[in-house]
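Put together the whole structure using the sequences plus the hints.
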Amino acid sequence: MAAAGGPPSAPRGLTGRGFKPRPAGNGLGAGTAMEPRTLSGTGRPSWGLLFARGHGPLGFSSTSRLLTPAPRSQENTDPQRIAFLLCKQWTLYSVTPLYRFSNAHLRNYSRLLSAFITAERQKGWAVEVGVELDIKVAISSLPDLKGSDQDHAAILVQLFSRSPASQKNSEEKLIWSGWFCCVCGDDFFENMPEDFTCLPLFLTNGAESYTAIVGSWFQKTFDCCFHRLAISPLNLSWMAAMWTGCKVDKTTSAMELIFSVPGLLQPLDISYAIHPEDAKALWDTVQKTPGEITQEEVDIFMDCLYSHFHRHFKIHLSAAKLVKVSTAIASAHCDGIIKFLQSQYLIGVLKLLTELAISQIQ
Amino acid sequence: MQSSKTPKQPLQGHQTDLSAWRKGGRVDPEKSVQNHQTPNSQENDRQQDSLEQALCYFEKVQDCVSLRKNSILQKHLATVKSIALQRGLPPEGFDVLLNVALSGKFADTVNTCLLKSLVPASVIPESSIISSVSWLCIGKCSSNIQLLFFKWLITVFDFIDHKEQIHALYGFFFSFLQDEKMCPYVCHLLYLLTRKENVRPFRIRRLLDLQTKMGMQSHLQALLSLYKLFCPELVTITLPGKMKTYFKNCEGPWKAAINSIRRRSQSNSPLSQPLFLGTAQPQSRKRKWNTQLLIPASSTNRNILEQNREKNLIDLYSTNKSFPVEQLQTFPQLLQNIHRLEFPSQMGSVLTNPLLLHYMNCIKDESVYLRLNYWTGQTLQEECPWCVADNQYEDEFKDFLETVYKAQCFLQEGFSSCEEFLYKSLPLWDGVSCRSQILRLVSWIPLSSFSEMKSHLYDPLAQLFFTSSLYFKCSVLESLKELLQNWLNWHVIHLDSACDSQVCSLNTTLSGLVNMVAELIQFVGWISTVALRLENNTTFLLYFILDFYETVCDTYLRHSLPLLIMPPAGVFYPALLSMDSVSLNQLCYIMYRYRTNLVAAKENEQSKKKILQFKFSSQTYQEYNQYITAMVGCLWTSTAFQNDTHPQGLRMDEELLKKTAVQEFKSSFNIVYHPAMMGYAVLFLQQAWPDDTTFNFSLIKGKKWNWYLEYLYAQGLKGLKLFIESSINRVSQASHSKAGNTQE
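Read top to bottom, the protein sequences are chains A and B.
Our numbering applies: residue 9 is where the first sequence begins, and numbers increase by one.
Our numbering applies: residue -9 is where the second sequence begins, and numbers increase by one.
Just so you know, these hints were derived from the structure itself, not from any lab.
These numbers were taken from a predicted model, which means no experiment stands behind them.
C-beta atoms are modelled at their ideal positions from N, C-alpha and C, and glycine is treated no differently.
It is possible that part of the hints are untrue.
[What the hints assert, rightly or not] Derived lysine-lysine pairs resembling BS3-like cross-links, with alpha carbons at most 27 Å apart:
| hint | chain 1 | residue 1 | chain 2 | residue 2 |
| --- | --- | --- | --- | --- |
| 1 | B | K186 | A | K131 |
| 2 | A | K144 | B | K203 |
| 3 | A | K131 | B | K171 |
| 4 | A | K228 | B | K388 |
| 5 | B | K186 | A | K228 |
| 6 | A | K131 | B | K238 |
| 7 | A | K347 | A | K288 |
| 8 | B | K203 | A | K131 |
[Stated by the list, open to error] What the simulated footprint calls covered on chain B by chain A, stretch by stretch (three residues with Cβ under 8 Å from a Cβ of chain A suffice, anywhere in the stretch; the number is not a length):
| hint | stretch |
| --- | --- |
| 9 | 192 to 203 |
| 10 | 206 to 214 |
| 11 | 352 to 365 |
[To be verified] Okay, the calculated beta carbon distance ranges per label pair:
| hint | chain 1 | residue 1 | chain 2 | residue 2 | range |
| --- | --- | --- | --- | --- | --- |
| 12 | B | P344 | A | G299 | 52 to 58 Å |
| 13 | A | P201 | B | Q638 | 31 to 37 Å |
| 14 | A | G299 | B | D449 | 35 to 41 Å |
See the structure below:
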């Protein structure tokens, strides 16, 4: 994976973690110098461009948004109960509102889904609903996972396999899990009729064949649509900026940005690792109002990082595509894959993802 | 088994029927086909008698008789067989013959022969089936005969006059499942009989046991999936996609005979209904989950059934009543069951189901549209080839757009999801991909108070319009005309129900609506002007533009919208000076309609003393008068260059005109010399003065002028006729001065 056109020393060096912009020094200076490049181009925040129409129930017309860390819910959220959501890769989907979904019927849904999965896997074979089957389905509510009182509680779906060999006391092995959630989606379902339940974000971990079966069942039963939720480079840069500013108790790994170089026959990825403290220091100089981030600030932040990189490697990262952002808070890939790393920021990250999911289904 | 029924009872009960039939002499005319007037009524009577005798014989026969030795039996058997195959048997014959065939009195050959002859002429009485089941239960006949009976029953199922009592015997039929040979046919029969109340856990368990014993059998799958349809909370099954036939063909010898009898009598005997099994949709293996464009099949909303059941068990009755959408196949069914129909579990499926679209038309429910809009919106967004990278499934998408368009036409209503989709995708569209489908969708953009039409629709469309081919331009104009018509129709429909909640919810005031329509007309006026310049006033293009104005000029009278907008000069003058009589004629018609509308508006204004909310501005009248003056000056009074007062008009200095060295320039655009009309003038001259070859156009004057007009009208220039008769005062020679008589 040698760089075709880059400087001879670049490719190997880039994936190393030795490069830290010095924000107090040249890093920031370069950033301010570069500032006009993107900002003068559009003259308006690119956040607005993302959502072409601002007249829907949730218009993203504002140029700024609140910073996400929400330790507020810390008091009522038991970290143990959501610990299993951390450090796993979740594939993201957007879901349109569920029609006639009811929390009162979760056990029934489990029985039906379990029979449905068995019937799907053995096409043409009839399955009685309610009997013990090879795959057990557990559908439950996760009341902790919500941003406001109006949000519907998250719904967790887990598939366990039962080995037929040892019928009694057999270990139930978790083979797939997925959860629906909605964090601060109030604006979206403001005028929603009663019959609809808004859980616009769906996250799965496990084989896609199960995702397909479970998703199909939900689509058939609650007349909703699932679609993969990709994260655009613009949103990834937002995540990079937002997560850089978050405080983490123990300093862990470096912040890492991965870029892919377009137009090459063989894929070439550039990894750009920054010491989290340096990144935080840079961000602190960029951010004007604490608790609020604007598109302009995100652009400046990224430009500073780009210009620092250019100074050393003569590569314009702005011409490459940002594909992955990893921080101590979470890591996100543009294909719509996320990994949560800090329980106290889980709600905050979910809020942003909910927003993205809503914008996709609107 | 509960089969303690005596076979005697129903038998006796029915004997009286038969004797009544016999005593009545001839057949009940309503119940039989035999009364059809045949030329040979004697032959008819003879056959009738012999059939009666045969039935009499079979009814009375006591002992087992051998076929070989008994010529009487042979004779009667032959009679029954030939008449049955020829004309079918009357309803009354079935009881007798079934009793004989299933009682085991004769050898199987006779029984088989009798069963095979059981071709109904009209209907089969239910009671004869009931008594047959009694015979089956006491097991007097061989299993082959039982099998044949089931095959027969399935084939003639739709000919049975009533089925209530047969339904009551569901359990008896179910018990025959245990016979391995009969199982497929019993399954088929149960499939025809099953209702929701028949689906019970113990029966499901029994069927699942059979499944375990016999493996996957198509007939079991079919019955089980019907059970699933009624009680999805008890059993589930996914049918493999490849499956085509679920039941063995058991039409036997009867189907052909029934068909030929039906053909001969042309009666409306019942047609058997097709199976309604939802198989798994074929999913291509290449694509990931949910990335393929599939319109879901209509299936019952299990969720609702389930919840009803949960809510209260008393509600079971009403749950029973709900009619599965899978069973909905015909329009009469829709009418009969409309009160107990539920929308399918996935609203997207209505797009390909005209019956459900009818149903949608009847039910005004917000959530119905919301569900449909979510689904179509997501599908449009995810499948659009020019919005999603690496999507090479354009044909699929084309078909989908077509389907959505048709559904909108059917409902006479645009979907908001399509509107959203167009606004998002038009700026990225190349104007080529799915062209006709996209332009058709444009015509169904709903009329709402949305104020950003310009940036979302008109701007991207104009950009493509100016840079694309003539054909594209015409297509855009065509779809904008459709859009205008749809808006105007919507307005007319909602005018009557002004307080309709929908109008209120759309928050569309009349002035908002007028503004939207005006904006559209002005947009089309603008692009038309530019397009005519770009395309050198092509007649083809002009036709589409004038077609649009044919709708515009009638908005007041035809659609009760207080709005009239004149075409811009950039459209009017190219049409007036067109080289083509079609355009000129079209323009004449349009100006005539403008006049009619404006006169009506003026009268309306004057008759009502109160101040009207909407009034045409004097500018509209002024513009009309300028145009009409120019037109009359051109076509009639040969004063176009003097009288035209329009700033972009034809007014020209006499000195300048003289410099052109054109002789008779004054009359050069009248109906004789106009380049669009000269062809007619030449032909007229040839007919009026066949010997004159000088083409002296000045001969057309006075009386000849009138003849010429008649000639033009006869050539189909209806628009010109309407225009001249309405806008030119021909009694007074100073016609032009009064031409614009709406001027006041």
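| field | Ascending list of hint numbers which this structure does not respect | value | Checked against the structure, the only hint that fails is number 13, while the rest are satisfied.
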